[in-house]
Structures are given as C-alpha cells and as structure tokens.
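Residue numbers (the working numbering): 1 to 192.
In case anyone wonders, no lab produced these hints; they're calculated from the structure.
All C-beta atoms, glycine included, are put in the ideal place defined by N, C-alpha and C.
Any given hint might turn out to be false.
Derived CB-CB ranges, DEER-like [claimed, not checked]:
#1 47 x 73: 43 to 51 Å
#2 20 x 58: 34 to 42 Å
#3 113 x 26: 42 to 50 Å
#4 152 x 63: 29 to 37 Å
#5 70 x 38: 16 to 24 Å
#6 117 x 63: 23 to 31 Å
#7 133 x 97: 28 to 36 Å
#8 91 x 152: 26 to 34 Å
#9 27 x 113: 43 to 51 Å
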Amino acid sequence: MAAQAVLLPLLAGHFHRTTPAAIVLNLLAVPLSSVVLLAGLAVLVAAQVAPSLAPWLGDLAWIAAHALRRSSDLAGLAAGLDLRVPALSLLALAAWAAGLARLRQGRRALGLALLVTAQVLPVFEPDPPGDGRLCLSVLDVGQGDALVVRSPRGEPTWSTRADLPAAASTPASGSWARSSGRGACGGSRRSW
1 MAAQAVLLPL LAGHFHRTTP AAIVLNLLAV PLSSVVLLAG LAVLVAAQVA
51 PSLAPWLGDL AWIAAHALRR SSDLAGLAAG LDLRVPALSL LALAAWAAGL
101 ARLRQGRRAL GLALLVTAQV LPVFEPDPPG DGRLCLSVLD VGQGDALVVR
151 SPRGEPTWST RADLPAAAST PASGSWARSS GRGACGGSRR SW
C-alpha cells in the first residue's frame with residue numbers, strides 16, 4: 001500500500017494508470033512467477049538427469065505461466081480496479097507530497113485527505129485555452145500508442161489504435177491533454 005501511494009505520481013504521469021488491484025494481484029503473481037522459474041529450471045535439470053520427468057515438469061511450468069498471465073485479467077473484472085488517470089498538476093503534486101509528509105508524521109486523517117485531494121484535483125482543473133493551431137500528439141509507449149488531437153480552440157480528443165474508429169473523437173479531459181506534452185505543440189507533436 002505504501003509503495004502504491006509513493007509511486008502514484010509516476011504511474012499517473014508516465015502510464016496514466018493507477019491499479020488498486022495490483023496490491024492484491026501481486027500476492028498471487030509473485031509466488032506464481034517463482035513457480036514458473038523453478039519449474040523451468042527443474043525441466044532443464046530433469047532433461048539431463050531423468051528425461052521421463054521433464055514433460056511433467058514442463059506441464060507444471062506451463063500451468064503456472066498460464067495462471068500468472070491470466071492473473072492480470074482479474075483487474076478488469078470490476079470497475080475501479082484498473083483506473084485511467086491524468087498526470088497530476090503541480091497543485092495536485094503538492095497535495096500528494098504534503099499528504100505523504102503528514103502520513104510520515106503520524107497524522108493519518110490529514111495525510112489521507114491530502115492524498116485523496118491529489119487525485120480529485122485534476123477533475124476540476126479547466127482546459128487550457130487554444131492557440132489557434134491544430135496539434136497532434138503521438139504517444140508511443142511500446143506496446144500501444146495513442147493520439148491526442150487538440151483543436152484550434154483547445155478542445156482535446158484522443159484515440160488509441162485499438163479504439164479506432166469508434167473512439168476516433170472521444171473527448172479527453174484537459175488534464176489528460178495537458179499531461180501529454182510541453183508547450184503549445186512541443187515534444188513529438190506536429191502543428192498545422
């Protein structure tokens with residue numbers, strides 16, 4: 001729980017995600033990954049020492065690996081277990097830092113209130129004004145990508161490759177759009 005609270009701004013800023021389910025799912029994933037590694041090592045040893053045992057150990061490694069992969073699917077079973085969130089603003093970051101400091105001082109109620117405030121603040125922040133240019137931000141994160149298009153009036157929309165064409169014009173909140181880069185059309189954006 002403490003690690004999740006400390007990593008919150010990094011997860012929100014870089015992955016635009018917070019996963020409360022990760023706290024519980026890691027209790028399942030860590031032992032399963034140990035079983036996968038140990039069973040895989042046992043397959044290698046058994047193949048040399050007792051070849052008839054190797055297929056059985058291989059099956060055990062496969063079952064554990066399959067369970068490990070499927071354990072991440074549990075996060076999608078209920079709303080709120082895997083949340084998409086905007087990057088935190090400076091005000092929200094200040095509330096987050098103050099909340100952690102108050103928790104460290106033993107002032108739990110105030111600390112938790114400040115941490116919750118850090119998550120709620122981006123919802124109420126206004127969209128940045130438009131600068132008269134159409135901006136396209138291409139966010140490439142390795143296994144996926146997203147497009148954030150800001151109209152000349154400053155209205156952001158976003159889509160992901162998996163969402164196209166259905167979400168090609170999904171409205172994005174201002175804090176999502178603000179978190180995607182610097183300046184009017186900085187970073188990997190192109191302006192027309």
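Against the structure, the hints:
In this structure the hint that residue 47 and residue 73 lie 43 to 51 Å apart at CB is violated, the actual value being about 31 Å. Roughly 35 Å separates the CB atoms of residue 20 and residue 58, a value that falls within the hinted 34 to 42 Å. Distance hint for residue 113 and residue 26: a CB-CB separation of about 27 Å, inconsistent with the stated range 42 to 50 Å. Checked against the hint of 29 to 37 Å, the C-beta distance between residue 152 and residue 63 comes to roughly 55 Å, which is inconsistent with it.
The hinted window of 16 to 24 Å between residue 70 and residue 38 holds, with their beta carbons roughly 19 Å apart. Checked against the hint of 23 to 31 Å, the pair residue 117 and residue 63 fails, with Cβ atoms roughly 45 Å apart. Between residue 133 and residue 97 the beta carbon distance is about 34 Å. The supplied range of 28 to 36 Å therefore holds. Taken as a hint, the range 26 to 34 Å holds for the pair residue 91 and residue 152, whose Cβ atoms sit roughly 27 Å apart.
Roughly 28 Å separates the CB atoms of residue 27 and residue 113, a value that falls outside the hinted 43 to 51 Å.
Of the numbered hints stated above, those contradicted by the structure are hints 1, 3, 4, 6 and 9, listed in ascending order.
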